[in-house]
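S.K.: Chain by chain, the residues run as shown.
There are 2 protein chains.
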Amino acid sequence: MVIIIRTDLNMGKGKIASQAAHAAVSLYESALKSSNPHLKSWLLSGQPKVILKVDSYNVLISVYDGAKLNNLNACVIRDAGLTQIEAGALTAVGIGPGKEEDIDKLTKTLKLL
Amino acid sequence: MVIIIRTDLNMGKGKIASQAAHAAVSLYESALKSSNPHLKSWLLSGQPKVILKVDSYNVLISVYDGAKLNNLNACVIRDAGLTQIEAGALTAVGIGPGKEEDIDKLTKTLKLL
Numbered sequence: 021m022v023i024i025i026r027t028d029l030n031m032g033k034g035k036i037a038s039q040a041a042h043a044a045v046s047l048y049e050s051a052l053k054s055s056n057p058h059l060k061s062w063l064l065s066g067q068p069k070v071i072l073k074v075d076s077y078n079v080l081i082s083v084y085d086g087a088k089l090n091n092l093n094a095c096v097i098r099d100a101g102l103t104q105i106e107a108g109a110l111t112a113v114g115i116g117p118g119k120e121e122d123i124d125k126l127t128k129t130l131k132l133l
Numbered sequence: 021m022v023i024i025i026r027t028d029l030n031m032g033k034g035k036i037a038s039q040a041a042h043a044a045v046s047l048y049e050s051a052l053k054s055s056n057p058h059l060k061s062w063l064l065s066g067q068p069k070v071i072l073k074v075d076s077y078n079v080l081i082s083v084y085d086g087a088k089l090n091n092l093n094a095c096v097i098r099d100a101g102l103t104q105i106e107a108g109a110l111t112a113v114g115i116g117p118g119k120e121e122d123i124d125k126l127t128k129t130l131k132l133l
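So the sequence lines, in the order shown, correspond to chains A and B. Under this note's numbering, think of the first position of the first sequence as 21, with each following residue one higher. Under this note's numbering, think of the first position of the second sequence as 21, with each following residue one higher.
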C-alpha cells in the first residue's frame, strides 16, 4: 500500500497524518468489498504502508489515473476543509494493496515524504 | 476516532503518517470484527479522525489503559523499526469509533498534533 501526499498545500503534520489515515481505511474498505486478491498477504506481512510525496495536483491526479488504468485498487482523498485548507481540495491518493511491481511502475520516481 | 502520536521519538512526517494509517486500519478492522455499535455512524459521518500528541511513552500507555478500562475499541501501534526508530517502540495509540464523550474524557487534555 502506497499513500501519496501533496506537499504544495503546506499541511501540518497532524493534517497529513489524518489524510494518510483516511486513505488507508478507504483502501482497506474497498479491498475488502472487492475481495482484492492481495489483501490477505498484505495483512499477513504487517500491512506495509509507504508514504510518498508530490508537489502538485497534476502529478497526484496523473498517478491516480495511472493506477485506475492499470486496474489497481486506488482512492482519492479530499479534505472536508474545516481546518487549514480549502474544502474539497485533493490532498492524497492511495494505491494498493497490489503487486509491488505494478505499484512501483507508477510511483518509483516519487520521493518518500 | 482519535489517534495519539508520540512526539518524543522525533519521527518525521512520513513516519508519523504511516503510524496514523496503521492505527486507523487496526481500529477499523477490530471495529468490524467486534460489530462495534458506533462503526456505522462513524462511516456515515465521513470517518472523522483527530490526531493528538503526547510527549512520552508513559502518557501514551496510560491513555490506552484508560480506553481499555472503559471498554473502548483501542489499539497500540509498535514500529517494525526498519527506519528512524528502535524496533518495537510504541509509536501511537488509536481509540474509537466510540461515543465522543467517552473518548473526550480520556483525551481532552491532549493537544492536536
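Since the hints were made in silico from the structure, they are not lab data. One thing to keep in mind: the hints can contain errors.
[Unchecked claim] To be clear about the criterion: a stretch of chain A counts as covered by chain B if any three or more of its residues have a C-beta under 8 Å from a C-beta of chain B, and this derived list gives those stretches:
1. 25-34
2. 42-56
3. 59-69
The beta carbon of each residue, even a glycine, is placed where N, CA and C say it ideally should be.
S.K.: If a hint holds in the structure, say so; if it doesn't, say that too.
M.R.: Taking the hints in turn, this is what the structure says about them:
no. : hint  : in the structure
1   : 25-34 : holds (count 4)
2   : 42-56 : holds (count 6)
3   : 59-69 : holds (count 3)
The structure agrees with every numbered hint stated previously.
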